[in-house]
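Peer 1: Sequence:
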Amino acid sequence: MEDVNIDENAPTPTPTTQVTEEEPVGLEDDADKIIKLLTRGIRERDIVSIFGIPGLEKTTLAKKIFKDSSIVSHFDVRAWVTISQSYDVRELLRIIYKQVTGNRIMLTTRLKHVAMEVKNCTNPYSPRFLTREASWKLLQEKAFQKETCPPELQDVGVQIAEYCKGLPLTVVLIGGILAKRKECLRVV
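The sequence shown lines up with residues 1 to 188 when you count with our numbering.
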């Protein structure tokens with residue numbers, strides 16, 4: 001197995017709250033579906049696009065799939081390419097085709113028309129928003145880490161989770177802020 005990390009020196013935005021790489025919550029079904037699309041038996045080259053609005057954790061989902069043991073064992077060569085927002089789609093794909101000898105490409109984008117333009121055999125995939133329950137679970141994990149949520153905060157916690165509208169990144173960021181506030185209160 002050869003891993004190729006291609007970085008086009010593209011600047012990537014840095015979040016104001018640090019998000020650690022952990023097991024993504026609520027993306028398991030999406031990951032399973034995309035892994036099946038990537039490992040199915042068709043012989044021709046295919047592009048599996050993951051598209052959706054910012055905060056749906058498209059890149060987190062793609063990283064989870066990229067590192068999955070079934071993907072690692074299925075493909076002889078894997079490459080992770082990061083690109084900036086200003087690029088030529090056709091030129092980029094031409095470069096990737098030349099550098100990667102495999103027959104599957106997974107692409108994440110915010111733009112549905114980009115996903116549709118590069119579509120080959122597989123329809124573009126849009127991850128689902130988190131359910132109310134998954135949002136609350138993720139918020140608890142981020143805000144309280146290994147502790148349980150105090151009963152007196154449960155109602156307001158559920159309301160905060162609902163306010164995040166199912167966007168995993170929003171839940172993670174708010175959970176991180178709440179965790180820092182909790183640490184500050186302990187110090188005082």
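A portion of the hints provided could be inaccurate.
Unchecked claim - Just the calculated beta-carbon pair ranges, DEER-fashion:
1. Trp80 <-> Arg110: 42 to 48 angstroms
2. Gln145 <-> Thr101: 26 to 32 angstroms
3. Ile42 <-> Lys146: 41 to 47 angstroms
Claimed, not checked - Simulated pairs of lysine-lysine, DSBU-like, Cα-Cα distance not exceeding 35 angstroms:
4. Lys63 <-> Lys98
5. Lys180 <-> Lys119
6. Lys33 <-> Lys67
What the hints contain is simulated information worked out from the structure, not anything from laboratory work. As the structure is a prediction and not an experimental result, all values here were calculated from the model. Beta carbons are placed, not taken as given, at the ideal position from N, Cα and C, and that holds for glycine.
Peer 1: Please go over all the hints and tell whether each is borne out by the structure.
Peer 2: Outcome of the hint check:
no.	hint	result
1	Trp80 <-> Arg110: 42 to 48 angstroms	violated, 18 angstroms
2	Gln145 <-> Thr101: 26 to 32 angstroms	violated, 43 angstroms
3	Ile42 <-> Lys146: 41 to 47 angstroms	holds, 44 angstroms
4	Lys63 <-> Lys98	holds, 22 angstroms
5	Lys180 <-> Lys119	violated, 43 angstroms
6	Lys33 <-> Lys67	holds, 15 angstroms
Violated hints, in rising order: 1, 2, 5; the structure is consistent with all others.
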